[in-house]
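*Asks:* Residue strings, one per chain:
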Amino acid sequence: MSRAARTLAVAAGVAFGTALIVYYIVSYLTVAPPVVAATGSKPRVHLTLQTVPSFGNAPHPDWVSYLAQDPRGKWVHSTVLRVPAYSRVDVTILQYDTATGLRNPFWGQPRGTIGGTINVDGKTLNVLDPNLASHTFAIPDLGVSVPLKGVAKGAKNPCSVAPCTLAQTHTTVTFSFVTGKPGKFRWQCFVPCAFGFPLGFGGPMQSIGWMDGYLMGQ
Amino acid sequence: MSATPIAAQPPVWRRLIGFNMLTGLVLGIGGWFLGAWIGGQMAVGHPYLQGTDQNDVGIYMGYLFGVIGFLVGLGFANYPIGRLLGRPPTLRQHETGSWTRYFRLCTDHKVVGIQYLFGVGIFFFIGGLNAMLMRTELLRPVEQAWPASQYLTLVSLHGTMMIMMTSAFILGPFGNYFVPIMIGARRMAFPRIEALTFWLVPAAGLILLSAIAFGGIATGWTGYAPLADEGRAGMDAYVMSFILIAISLTLVGLNLMATILTMRAPGMSWTRLPIFVWSVLATSILQALAAPVLVAAMAMVLMDRAANTSFFLASAGGSQYLYENLFWFFGHPEVYILALPGFGIVLELLPVFARKPLWGYRLAVAGMLGVTLLSFMVWQHHLFVSGMNAGLRPFYMLTTELISIPTGFIFLIAIGTLWRARIRFTVPMLFALAFFFNFLIGGLSGVFLSDVPSDVTTHGSYFVMAHFHYTIVGGLVFAFFGAVYYWLPKMLGFELNETLGKIHFWLFFVFFNLTFFPLFAAGFLDMPRRVSTYAPSLQTLNIFVSASAYVIGLSMLIFIANLVWSLVFVRQPAAENPWASRGLEWQVPTPVPVSNFDRVPVITSGPYEYGVPNAPPVADFAPGALPAAGS
Amino acid sequence: MTTIAGERIPRHGSRIIAIWLVLTAISVPLIVLVLGPHLPPPNMTVESADQRNANIVMTALLVPIALLVLVYFIYSFVFFRETSDAIVDGPPIKGHAGAQLLWIVVTSAIVLALAVWGSYTLIAGAHGAGGGQGPDPAAKPPGYQHALPVQVIGQQWDWTFRYPTYGGIETRDLAIPDHTLVAFHVTSIDVTHSFWAYELGVKADAVPGVDNIAYVNPRHTGFFQIRCAELCGLWHGHMAKKGRVLAAPAFQAWIAAAQKQNASIVKYLPKYSRVYYPLPLRRAG
Amino acid sequence: MDTTVSTATVDAVEQPDLLARIIRVGSRIWAASQAFFFLAFFFAFLYLRALNTNGIWRGWPHHHPSPSIAFGVAILICVLGSAGIARSAVLVAPEMWRATAWATLVLALAAVGLQCAQFSSLGFGPTDGAYGSVFVGWSGLFAVFLLGTCYWLATLIGDVTRAGGVPVVRAAAVEGVGFVLLVLAGVEIAAFILLYVVK
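Protein chains in written order, with the working numbering: chain A, 1 to 218; chain H, 1001 to 1631; chain C, 2001 to 2285; chain Z, 3001 to 3199.
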């Protein structure tokens, strides 16, 4: 092999290795949970979500997570939600986790919902004891913040593998809010519910598809 | 060097077996699994670790064993074990032989220099690509291309990788390659440590890249602590790779400092030392003293994450300020670890292409040493609005502004050297001159940041980001390319295409300024750093910046094309001294012999005596007779 | 070519100085009069006006320095370039003690003046200039004892605000009264954030376990932009909202509405404190 | 595998003085780097103690971690003894180097062993406030550095036993390792005062 050919071979090897790394980075970047559309159509749609204490499946079986129900009734592991703009969104959240308590009790007050209230297992509330909160559903840019009541500790038939069924112990939280102009809004949970992370706020709490997501108003 | 005739070549697959990079990678991966398993056993009984996919102990053990495996596979264990078994000390290993020495432990400082050149070059390329991907996201004011978490990982990877790689950017390739030749030494003081410093860099780079597989890094390159504590397992990769890089930096400093202090050839007095060597010496001091503090800071993060300590968790008795102090106690000298070699390079190039002696040599040295000293006293200017020691802010304002005095010397030296010079605008000279333009803007924008009332607005904004890109990219990276075009003919033995070089320069220079100057405005107009969403009114500006950034990327591709074209296809052998430089490194043959000089030369004259009547040659290469008069 | 500075050599120095003087004479008034009013931050408060003044002064000072260097470099590129292909050495000038001394004296004077002026404006002139000064501010504006305290709580990922003098109510929105000295007590309950109110000229890191105080004196009503200036995790870029400076009566009305809104939650809020350490203190689990 | 080039030994033999100087200078720089490393822990101790965030510098209420001072004194004595012997080796005849090196190594290893023993019966852990964190971090990493120096000592023992290499170089190594251990002993004194006495 001549020196030039050898240099070329090494250069090609380097290029191949670099291309592999580039592919590795780009393939990581483009991973995003699927978009789940709300049921119904403008001006009034319905979203159904559930929170599970532990996902139970790969890749993170012990992570807490949100799931969304697509219009065909199938539970999807996603937090990217699509709703129409300038519409009323009725949300039902099936909450399977036990109470962790809020870091900032302020979020115990529902805000940004129609009437400023939420309905927990049939009861209308305008505040939830922060210590009973298990998660929150908050879209700060729309002013929406809703605490989700946790199930009692030691309840029978707890859920540990997503998706959870209606037969398992849960609380049902319903509320409505109004979307404004089109846009991509983040939403998140304010409860430090990530097990094993300092301050309870790592891992699932900082991962889109788990306890954070986008609400796409279109 | 060795005249041993090579026996019949064994088949290729047999030649792959042995202590080389391939073995290192295999043992490294094996070590990873072994360490992760051991870590899994260690986590038993700790519910927050055991059985979770976030067993930090396992990950750290995996990295530790992986690195050990990698180094053992490269052959770094042979010598220490041999020493324990009583083998005599040797200084050199694998210095001859085929091109495969570039892929194994080699104690020849010239091989290490070239390893560094291509090693950091690859990571520079990846880091730059991350920047392109970031700019793609910033085309829109809300997350569009990549989700926020991936964008943050991108930011952190770009920042961390660039800081790590640029720390080794000049001392690695050019410091290792040229410092011994420039001071008339036949080798480095610690050749095996030198090889180690290089091989830690790819290990650190690969570990850093593995962060992606563990959920990414969400902290940026500074890794501020409570956030680093709660980060996903990708943070472990950040911590581990920074520890390795900091160890590498410390050892580079140790090695180069010892070399310069002890191995100067006879006659190489302190006033004849090339200015680049002075800058390397100053940088080595910073590296040997500042980088250990980073190791300590990272060790604390490591313990916070794996051993559940609370160095940085305020609620458990620690303080986030501790991290900021330790990090910036390293971090600000680090800024000058990046800047000083750049000063050295441009001041080394100016006399050659201005054909004049370096004007005010002693002032240049004083400037570099002044920067070295002051850089340990300014770190809290990164923390002007942190609420820490607010009463000390005038002091740090003063020291920060004082540092512009020695930095200003560098400009004065350039002004003096260019005075009535005979400037030749070769490609290296263009890069060196562009350095001054960029560093001028970078330095003056730093004055805004040093003034507290002004810093309140600009702190943490794109203004800061533009400022340090002007100093690091505009300064260091331009100096790096100047050095590449200047020294590559000596290092690789081939000429680079000048036309492509000029195209590379002009595209890079123009679009570098078009990219980063508008970002000062973005910072002034309230755009914080590290955001994937910004005010819609700034979209036009950001699109413009992104478009310019892509052209910078293109200019880098032109450089790579130039490299491949010149090295593979044209292969025009370079002259031994194409720039007619008086530098000692240009007086040795190309390719440089393994031992650089047949005998240690006797230095008879300074390296910048251009135009000096009857200036003696720079060195006597066959000493035996007495050195020439006037030494 | 070994000549000492000959007589036939043009007076480069005078030419460079002349060009520089002309450019400076043009640029400095332009900076002060034309660019200056557009330099950030918008002067909604006394502090942000101080910052803008600092920016104007520094720009007007630094641009001439930049011009001097640039004029010299461009001049040298034109007049000191080698036109032939031959490599010819220039005059072997190795230094000039007077020029070096002059440079050192001038740069030191500029730098020291800047530092003194900066310290003066920071401490005495601008009273901290809107920056976070920690729990025990070194530079207090007159009448700081009567400043309206507003606590800013950074959390992942939103800002909330508490008004201890109004029953410790907590709000998502920030409003402050006009022409009143306001003391922002910035703190965090998880990781480090940085409270940046752009038009107010306020920036103070929100550090867990630290009460970081920044004073501000609003001069006219309007909206201001709040952002987070320290990377704090996933939604760092989304910690942005609008705040308002209200006239005193409007502010009282706003507070009353906020108190009403807070009625149901206020009993659950922790007692107002300079810092908070909510659970979990370390790892959750 | 080991294709050592003949010029290497030529360098070592031709320039033993140079080699000795390199070792001497290198040991100084390495000692300085180590000192700066532990400076971070020194600073962390004083800083966190002064801040006393959330009032739990000394651990959680009703549980004040208190390391066994007997272990502390024993470790201190071992480190000081090993540094003292290593340093005084330059004063004794080269024939004694083997004994001094062995004594140094044994004492240094004893210090590491005592540190491990202390960790296994500490009574508190890294989770006990900032003091617990600093204690575990500082003592643990000190043991790691000490262990690293032990490797150098072991090679030195090999050299002096076999009388390999060049005498000047060996003398420089004896001197250099003594200096490094002396700096580590300084660190240990600071650690003892802060971690055991001041707390």
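Everything labelled a hint here was simulated from the structure, so no lab data went into it. Backbone N, C-alpha and C fix where the C-beta goes; we use that ideal spot for every residue, glycine too. One should not assume that every hint holds.
[Said to hold, decoys possible] DSS-like, lysine-lysine: derived pairs with alpha carbons at most 25 angstroms apart:
1) A:Lys184 with C:Lys2140
2) A:Lys184 with A:Lys156
3) A:Lys74 with A:Lys153
4) A:Lys153 with A:Lys42
5) C:Lys2260 with C:Lys2241
6) A:Lys184 with C:Lys2260
7) C:Lys2260 with A:Lys123
8) A:Lys153 with A:Lys184
9) C:Lys2271 with C:Lys2260
10) A:Lys181 with A:Lys42
11) C:Lys2260 with C:Lys2242
12) C:Lys2242 with A:Lys181
13) A:Lys123 with C:Lys2271
14) A:Lys156 with A:Lys181
15) C:Lys2271 with A:Lys181
[As the list claims (entries may be wrong)] Cβ pair distances, simulated, as ranges:
16) H:Phe1425 with C:Pro2142: 28 to 34 angstroms
17) C:Ile2017 with H:Asp1598: 17 to 23 angstroms
18) H:Asp1598 with C:Thr2083: 58 to 64 angstroms
[Unchecked claim] Examples of chain A residues toward chain H, derived with CB under 10 angstroms:
19) Leu29
20) Arg72
21) Trp75
*Asks:* Look at each hint and say if it fits the structure.
*Replies:* Verification of the supplied hints:
no.: 1; hint: A:Lys184 with C:Lys2140; verdict: 42 angstroms, violated
no.: 2; hint: A:Lys184 with A:Lys156; verdict: 39 angstroms, violated
no.: 3; hint: A:Lys74 with A:Lys153; verdict: 28 angstroms, violated
no.: 4; hint: A:Lys153 with A:Lys42; verdict: 39 angstroms, violated
no.: 5; hint: C:Lys2260 with C:Lys2241; verdict: 22 angstroms, holds
no.: 6; hint: A:Lys184 with C:Lys2260; verdict: 31 angstroms, violated
no.: 7; hint: C:Lys2260 with A:Lys123; verdict: 22 angstroms, holds
no.: 8; hint: A:Lys153 with A:Lys184; verdict: 36 angstroms, violated
no.: 9; hint: C:Lys2271 with C:Lys2260; verdict: 18 angstroms, holds
no.: 10; hint: A:Lys181 with A:Lys42; verdict: 13 angstroms, holds
no.: 11; hint: C:Lys2260 with C:Lys2242; verdict: 21 angstroms, holds
no.: 12; hint: C:Lys2242 with A:Lys181; verdict: 17 angstroms, holds
no.: 13; hint: A:Lys123 with C:Lys2271; verdict: 29 angstroms, violated
no.: 14; hint: A:Lys156 with A:Lys181; verdict: 44 angstroms, violated
no.: 15; hint: C:Lys2271 with A:Lys181; verdict: 38 angstroms, violated
no.: 16; hint: H:Phe1425 with C:Pro2142: 28 to 34 angstroms; verdict: 59 angstroms, violated
no.: 17; hint: C:Ile2017 with H:Asp1598: 17 to 23 angstroms; verdict: 53 angstroms, violated
no.: 18; hint: H:Asp1598 with C:Thr2083: 58 to 64 angstroms; verdict: 41 angstroms, violated
no.: 19; hint: Leu29; verdict: 5 angstroms, holds
no.: 20; hint: Arg72; verdict: 25 angstroms, violated
no.: 21; hint: Trp75; verdict: 21 angstroms, violated
Of the numbered hints stated above, those contradicted by the structure are hints 1, 2, 3, 4, 6, 8, 13, 14, 15, 16, 17, 18, 20 and 21, listed in ascending order.
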